[in-house]
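As you go down the protein sequences, you meet chains A and B in turn.
Be aware that the first sequence starts at 1, since it is given in my numbering, and climbs by one per residue.
Be aware that the second sequence starts at 233, since it is given in my numbering, and climbs by one per residue.
Treat each hint with caution, since some may be false.
Here are some chain B residues the structure puts well away from chain A; computed CB gaps all over 10 Å [to be verified]:
#1 307
#2 336
#3 442
Residues from chain A shown here face chain B by an in silico Cβ test under 7 Å; the list is partial [what the hints assert, rightly or not]:
#4 23
#5 24
#6 59
#7 101
Just so you know, the hints here were simulated from the structure itself, not pulled from any lab data.
Positions of the beta carbon are idealized from the N, C-alpha and C atoms, including for glycine.
Now for the letters of each chain:
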Amino acid sequence: MSVRPIEVRILRCRPGRIDPPRFQSFRIDAKEDLTVLDALEHIRLTLDGSLMYRHSCHHSSCGTCACRVNGMERLACTTRLLDLGAGTVSLEPLRGFECVGDLAVQTEPFYRDIDPAWSCLKPAGPIGGAETGTEQGLQRFEECIECGCCVSACPATRSHPDFMGPAALAAIRNEMLKNPLAADDLLSRAGSERGERWCERALACSRVCPTGVYPSRHIADLRDELKGPRST
Amino acid sequence: MGGFEHILIIGGGVGGALAHDLALRGYRVTLVEKGELLSGTTGRHHGLLHSGARYVLHDPEAARECWQENQILRRIAPQAIEPNGGLFVALDERDQSFYGRFVDRCRSIGIPAQPLSGAQAIRMEPALNPTLQGAVLVPDAGMDAWRLPMHFFATARANGAEIRNFTEVTALRMTGRTVAGVDVLDHRTQGIASIGADLVVNAAGPWSGRVAAMAGVRIPLQLGPGVMVSVRGRLTQRVINRLQPAGEGDILVPQRGLSILGTTAWLADDPDAVAVPPDHVQRLFELGRTLVPEVGRLKPLAVWSACRPLLRSQAAADPYRISRSFDCFDHAPRDGVEGLITLIGGKATTLRAMAEKAADLVDRKTGRSIACRTRETMLLPYRCFWRRA
Ligand SMILES: Cc1cc2nc3c(=O)[nH]c(=O)nc-3n(C[C@H](O)[C@H](O)[C@H](O)COP(=O)(O)OP(=O)(O)OC[C@H]3O[C@@H](n4cnc5c(N)ncnc54)[C@H](O)[C@@H]3O)c2cc1C
Ligand code: SF4
Ligand code: SF4
Ligand code: FES
Chain A
1 MSVRPIEVRI LRCRPGRIDP PRFQSFRIDA KEDLTVLDAL EHIRLTLDGS LMYRHSCHHS
61 SCGTCACRVN GMERLACTTR LLDLGAGTVS LEPLRGFECV GDLAVQTEPF YRDIDPAWSC
121 LKPAGPIGGA ETGTEQGLQR FEECIECGCC VSACPATRSH PDFMGPAALA AIRNEMLKNP
181 LAADDLLSRA GSERGERWCE RALACSRVCP TGVYPSRHIA DLRDELKGPR ST
Chain B
233 MGGFEHILII GGGVGGALAH DLALRGYRVT LVEKGELLSG TTGRHHGLLH SGARYVLHDP
293 EAARECWQEN QILRRIAPQA IEPNGGLFVA LDERDQSFYG RFVDRCRSIG IPAQPLSGAQ
353 AIRMEPALNP TLQGAVLVPD AGMDAWRLPM HFFATARANG AEIRNFTEVT ALRMTGRTVA
413 GVDVLDHRTQ GIASIGADLV VNAAGPWSGR VAAMAGVRIP LQLGPGVMVS VRGRLTQRVI
473 NRLQPAGEGD ILVPQRGLSI LGTTAWLADD PDAVAVPPDH VQRLFELGRT LVPEVGRLKP
533 LAVWSACRPL LRSQAAADPY RISRSFDCFD HAPRDGVEGL ITLIGGKATT LRAMAEKAAD
593 LVDRKTGRSI ACRTRETMLL PYRCFWRRA
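Model the full assembly from the supplied sequences, consistent with the hints where possible.
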């Protein structure tokens, strides 16, 4: 297994203490499959116990570990250091969220426009080759893991801090599909002051989403529905 | 905020369920967690909401606990569960030899177990190994390892519990032989502070031995780490187990658009040094492929380890045979240290039951007698945690 020395530059920050933030470098030997999250764990446990970052599932399911890796929003737990090419890797917190320390951000604003009552489940659908009917009643979790990558990458959330952002709009669209009775109310949220109107169709959201939600497609659907009178 | 004694919980894993139970009972609750909530074992386990079937052959007590809690969690946190059942598949003669006993044991505990022919199982889950001889459908389920416990944290906080992440306990404050609170390092401010408490509960999971040592006591903790691998693609809709006594690499849990292979187990001493042994990934792929051949064509998306905080037993040599049951210790009669309780063992599936047992002990120590209400109290959706009124 190949091992390469890598310089990991982390934007260190403590509001009021390490302020403005500054980069600090750590040198580590990266094995082939070492992820950014493995590297952060190694640095915290052996080099600097004060390093702050969020993590939980270690396999792209919880959404807590998102940060900017060489300027691009990614999940630390599924990004392999050696896949990034260069001998130096820079890590910064997500944009558009308040930093509570180093790579850890405050996620409360993310949930501002996502109603706690909206369902996290959807019908699981048939799996290739399964006998029709055997999928009846099966459910699975929605694709979105609420990581915030899309919000951080979206140019419109930066120019319009009130914009609810791509994740909330995608969530609205998904909820409309599952809950037709609430569709009119949901659509009016998408059309509100904070809604779809600010989206510049830059598609950054769909590019960075780690689980294939493609928020911009949902936004395009919402836009179509908002344009015409609802026919259904 | 409850008006009774102040209970301080160390550890944001199963501790979240305890914060909820104690807040409902009317205690004043503070929970401290050194990193993000659920950054220990609870956030990164395999994601199986056990029906108990996995334990019927060798650990009926754990099986019974799991079945009871499985039914309760489906009721109080339905949004955190993919409720699709699980198949135990018999691939060879040896597996077949357990078949009858497995079904009987499930039924004697009350776990619904539906025998299926190999052909019936393939019609439900076409990705299964086509040579399988038979299967049993049980009420296993998938859970979101982060969002299920976050339901408990959200409800606890709404009921007044103070939940502090990035707050690490560095010492127990002792007055003679009594624990009177904790010293904490707040990683946000890098400041040190003391928090006084009437009782401290050590729910630090794999690190609970270190917390107990701060009071000079030892606990019967055995660390049993394990490796898991996720692959892209939802290969099955249901959880797939090999029909045999629980062992290595015999389970596949689908979740969202992923499938998760697991797990291995070994014994360890240091909760912070559980690197993935090099050959484990390959072993998990080889074993996973025998259940679902498609696995052999996939690459790992993520490889990670987690550390089981097990209750040490006399026959601790085989990590698969240490009971998955849990226990709660009052260190006053046991070690002569007042004001400290330790909660260890169990499963993520049994977090509510673990909390109930610990809260009952808190009641006994404070001289109160308050009914537990967590079985029937619907939990708030986890997103409420970040939407403070
Ligand atoms: C490989 C593997 C697979 C598993 N799969 C499943 C499964 O599919 N289903 C299931 O039900 N169970 C499963 N389990 C079991 C389950 O995950 C654990 O039993 C359970 O999560 C343990 O919870 P805990 O709260 O005791 O420990 P933890 O979740 O680790 O919580 C302890 C917390 O205490 C914190 N802490 C430690 N020291 C301090 C301190 N000084 N100050 C402040 N905080 C501190 C830690 O950071 C940690 O977050 C699995 C376990 C493993 C290892
Ligand atoms: S498509 Fe719209 S929502 Fe998505 S990144 Fe671009 S501006 Fe933001
Ligand atoms: S839509 Fe994608 S990028 Fe945005 S929060 Fe959800 S998972 Fe993350
Ligand atoms: S740690 Fe859960 S998504 Fe990365």
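Hint by hint, where does the structure go against what was stated? Just the numbers, ascending.
Failing hints, ascending: 4 and 5.
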